[in-house]
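Participant: The primary structure of each chain is shown beneath.
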Amino acid sequence: MATSDRAVDPTVPEPAAEPDALATDLGLTSQEYQRIVATCGRTPSTAELGTYSVMWSEHCSYKTSKIHLRRLPSRGPQVLVGPGENAGVVDVGDGLAVAFKIESHNHPSFVEPIQGAATGVGGIIRDILTMGARPIALLDPLRFGEPGDPVTTRVASGVVRGIGRYGNAIGVPTVGGEVDVDPCYAGNPLVNVLCVGVVARDGIQYAKAERVGDVAVLIGQRTGRDGIGGASVLASATFDDNADDEAGQAKRPNVQVGDPFAGKLLIEACLELYARQLVSGIQDMGAAGIACSTAEMASAAGLGMRVDLDRVPLREPSMESWEILCSESQERMLALVQPDRLDDVLAVCRRWGVDATPIGEVTDGDRLVFTRGGAVVHDAPAASIADEGPTYDRPREPWVHPHAHEHPDADEPAPVDPIADWLALLDHPRAADPTPIAEQYDSAVGSSTIAGPGGDAAVLRLPGADGTPGVTLRGVAVATDGNGRRCSLDPAEGARQVVAEAARNVACTGARPLAATNNLNFGDPTRPPVMDAFATAVDGLGQACEALDTPITGGNVSFYNATGGTDIHPTPVVGVLGTLADVTAAVPAAFQRVGDAIVLLGASTRPGLAGSLWLWHVRGRLAGRLPAIDLAAEVALQRLLGDLADERLLASAHDVADGGLAVALAESALRGHRGAEVTPEPDLAAHQWLFSEAPTRVVASVAPDDLAAVEAAAAAAGVPLTHLGAVTEAQQVRVAGVGALDLAAARQRWRSGTARLLDGP
Amino acid sequence: MSRRVGVVQFPGSCDERDALHALALVGAEPELLWHAEAELRGVDAVVVPGGFTYGDYLRAGALARFAPIMGAVAQFAAEGGPVLGICNGFQVLCEARLLPGALTENVTLRFVHRAVDVRVEATNPWSAGLVPGATLTVPIKHGEGRYVHPDPQGLADAGQVWLRYADDNPNGSVADIAGVTNAAGNVAGLMPHPEHAVDPLLGGTDGRGLLAAAAPAPAAH
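The listed protein sequences correspond, in order, to chains U and B.
Sequential numbering from 1 applies to the first sequence in my numbering.
Sequential numbering from 1001 applies to the second sequence in my numbering.
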C-alpha cells in the first residue's frame, strides 16, 4: 500500500523483502531469479516475483516441453488457428469452423476430486469460448487406480460427480471420453477434458490487444484467494507424500472452486458481445489469472498495459497485490474494448447479470504496469513475462521398461478356458459398459448428439454458430484415446498407435479425421528416463499425425504426475476430430440386423499379446514388444471406412483395440442385442485370435446384398478383408472351435466393471 | 393454424434452444420470453424449459418462481392457457404453486440421464392425441426428480397424474409419478424431456405426443 509518508518513489515498485527466499518458495530456480533481476534492472517487487513465478512455471510456460513440441506437425489447409492461441480452430465447411482442445486437471482432482474435475471442465470451456466459439461438447478421458481401493473409490466417484455437476449445469453436453485403471494412477489420477465449439469461419476471436487506448474490462466473477499458485505450486510439482490425504490437505487451498451458473452466464454474455462485434480482443483467466491474461494479450500485440488493481472487484479486500494478480478464481474473462463501445459492453453484461469492470487500458510501449493505492507495484516488459521465459533441454536417458524385451507371444501359456478370460476382460473398466459414468452426464442438451458415450466416437450434428440445432446435415465425430501401459513398454510406438486408434475410432463412424489435440501426461521431467519417454512419444505422435494428415492444433502438457517418487506410465492422450458431410450416414458400432455378414477390415490378425489387456488383466503381466503399426495400411483402412460410409454400405463398424477381437465382437453384440457366429482366422492360436491387440483392424457388419460391393471397394483400396461370420438371433457369440460367450452372462459382467470403480467393492 | 408458443428463458436456462427446436418441429411458431419481462406478448401457450435456473444451488426452481415473468405465467394459467413445465420447468411450476407437490433429490443421490418408458394415465391439452395406457420412450436427465406428494392416490383420482414411469422408476418418485397437472388440467409438468424425443436421428419421436398443445390447431371450416 502506498502511503504519503513513504520515502520511496511511488512510480517504482517497492523491492520484495527477502526476495531470494520468496523466489525459492514460489518455485523459481536461482538462475531464473537472477534473470528476473537482470530484466527488471533492480530487485523485483513481491507482485513481480508472483507474476514471473506463475508465468514461468512449467504449467504456463512449457519450459521443458517447448523444444520438443516444435517437432509436432501443426499446419494444413484445414487449420485456421494452430497452437499458441487458446484452442485450435479447423475449417469444417459451409462457413463453419470448429474450435477444440484438450486440457488436464490432474493434480487438483486428486486433492479435491469434485472441485478439481469441475474447474477442469470450466477451464477448457472458457478456452473454447475465448476463440469466439459456442461450446457444444465435452469428452473426458479419465485414469484412476484399481477399483476397490478406498482412495480410488473416493477420487473416481468424486471426479465423475464434479464433471457432471459442472457440465450438466452449464448446458454443454458430455458426449464421450474413456476410462482406464492402473495402480500407477492410484495416487495421481488423470482428469483430461476435451471441449468442442462451433464458430462462424469469420467470427473467430483472438487473444490480442489491437490498439492503444482500448479499455481492459474484467468480466465475470469477483477475484478471491482461491487457486493461488494452482499453476506453479500444484501443477508444476510432484506429490511428495504417499498417495493419501495428508499431501492433499495442505494443497487444498490451491484448488479453485467452480460455479457453473456463473460460467453459463459468462458464455451467453460473451457470445452476445462477439455477435455484436463489441470486443477487439479477449482472453480467459485460467492459470495465473490477471497476470497471465494481461501479459499474453499485451505481448501478442507488442504493446503494454496499465491496470489499476484497486478497481478489481475482490471477494476479500485484504488481498495483497500479488494475490490479486495470481488468483485463479474461476469464470473470469478479460476483454479489450474500444472506448466508444464500453457502454454497450457493460449493458450486455448487466443484462446477463455478469459483473463487468474497466480495470485498465492498452498502452504504448512494452511495459506491464500494475498500480495499487496510487503506487506502481509491478512494472516489467510484458513479453519477458509471457514469451521470454526460460526453456530447458533437460537431460535424457533411454526409457527402458524392464519387461519390454520379453516374448509373451511365445512363452505365455494358452488359457485353459478362453471363455472365462473373455468374461473377465468385459468387466475391466477399460472394456466395461461406461453407463454408470455416462448416466451421470447430460449428453443430450443442445439437440445435436447423434451418438453419445459408449460408441467408438461421439457424433454431433453441427448447430449453427448461434447454437440453433438442426440447421445442417454436416457433423463432426470426436474420439479420445490413450494407453499408458502400451506407451510404457514403448513410448514412441505406443504413441503412434494411440493416434491411429483415436483416428480409427473417428473413421469407424464414417467421418474423415481432420485434426488432433493432445494432452501429454507424464511423470517428473527432471528424471532423465521420463524426459526421454516424453521426447520419443512426441516423435511417435508427430509421425502418426503426419501420416494420417491430422495436424495437432493445440493441447497441453502435464508433467510431475508422480506421487511418492513413482511416476505414472507415460500417458499421451490424443483427441481426434473428424467431419461427416451427412450425419444421417453415420455408422454405429452395434450389430444391426440378423443375417448381416461380419468381416474384419484392415490387417489380418497377427500375434499381439504384448501390452494387451488380456496379458495384464488376466495374467497380471505387462511385457513384450508391441506389434508395429503400418501407418500406410492404417491410412488406407481409414479412407476405406469413410468411402464405405458415404455409400451407406456398412451396417456397423467397431475398432479392435483393448481386449482384441473378443471384446470388439462382444461389444457390437451387446450394444446391438444380437448374437454372432464367427470362425477364427487359420494358423493362429485361439487365444491370439481372441485377445491379440495388433493394430489396424475393424470389425464391420454388412448386409448380404452389399457384401460384393464392400469386397470390391476393399480390394480396390488394397485393404485386406477377412470373412468372419454372421450376425445371429441367438444371444451368444459363438466362435467355431472355441466355444460360445453367453450374452446374458457377458452383459452382467460388462455392466459391473464401471459400477465397481465408482462404488467400491 | 400454427400456434405461437413462448419458451421462458431464465438466467442459467440450458434446454431452451432444444425446446424451440422441438416446438418448431411439431409445427409451432416458438419464441423466447425473457425472465425479466412481465408479459407474455400474446402467445397461445407457454413452455417453461428444462436445464437449470440460477444454478439451482438453493433448491431446483426455488429462485425462478420470483422472476417477473412468473406473475404473467400465473395469470395466463389462471385464465386457462396451456402451460408446460419440463424437468426444471416442472420444478419451477411446483415452487410457484401452479402445480401440486414438490421435487426432491433423486433417491440415488446422483444425477441420472437415460431413456425411460412412461405410461400415459390421463389426457390434457399437452397429451391430447394420446390414449391412456399408451407407453412412450422419453429421456430423463435430472438430479432432483423425485416427486413427492402427501396424497398421490387423491391426485390420481382427481385425474391429475398424467404420466407414470412404466417399469423403471429412476428417481424414487412416489407412486411412480412422472408428471402431474393442476386441477383444471391446463398446467402440466413432467420430468421426462419430450423436446429431446422429437427427431429420429436423436433417439425417437415419442416426445411429440406430449407437445400436442403446441401443434397447429385444426383449420376452421
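Just so you know, these hints were derived from the structure itself, not from any lab.
Heads up, the beta-carbon is just placed ideally off N, CA and C, and yes, glycines get one too.
Just so you know, not all the hints are guaranteed correct.
Claimed, not checked - Between beta-carbon pairs, the in silico distance windows are:
id, chain 1, residue 1, chain 2, residue 2, range
1, U, V594, B, A1158, 44 to 50 angstroms
2, B, Y1057, U, R42, 45 to 51 angstroms
3, U, P390, B, A1038, 57 to 63 angstroms
4, U, T584, B, A1158, 43 to 49 angstroms
5, B, D1151, U, D646, 55 to 61 angstroms
Participant: Work down the list of hints and note, for each, if the structure agrees.
Facilitator: Verification of the supplied hints:
no.	hint	verdict
1	U:V594 <-> B:A1158: 44 to 50 angstroms	holds, 48 angstroms
2	B:Y1057 <-> U:R42: 45 to 51 angstroms	holds, 47 angstroms
3	U:P390 <-> B:A1038: 57 to 63 angstroms	holds, 59 angstroms
4	U:T584 <-> B:A1158: 43 to 49 angstroms	holds, 45 angstroms
5	B:D1151 <-> U:D646: 55 to 61 angstroms	holds, 59 angstroms
Of the numbered hints stated above, none is contradicted by the structure.
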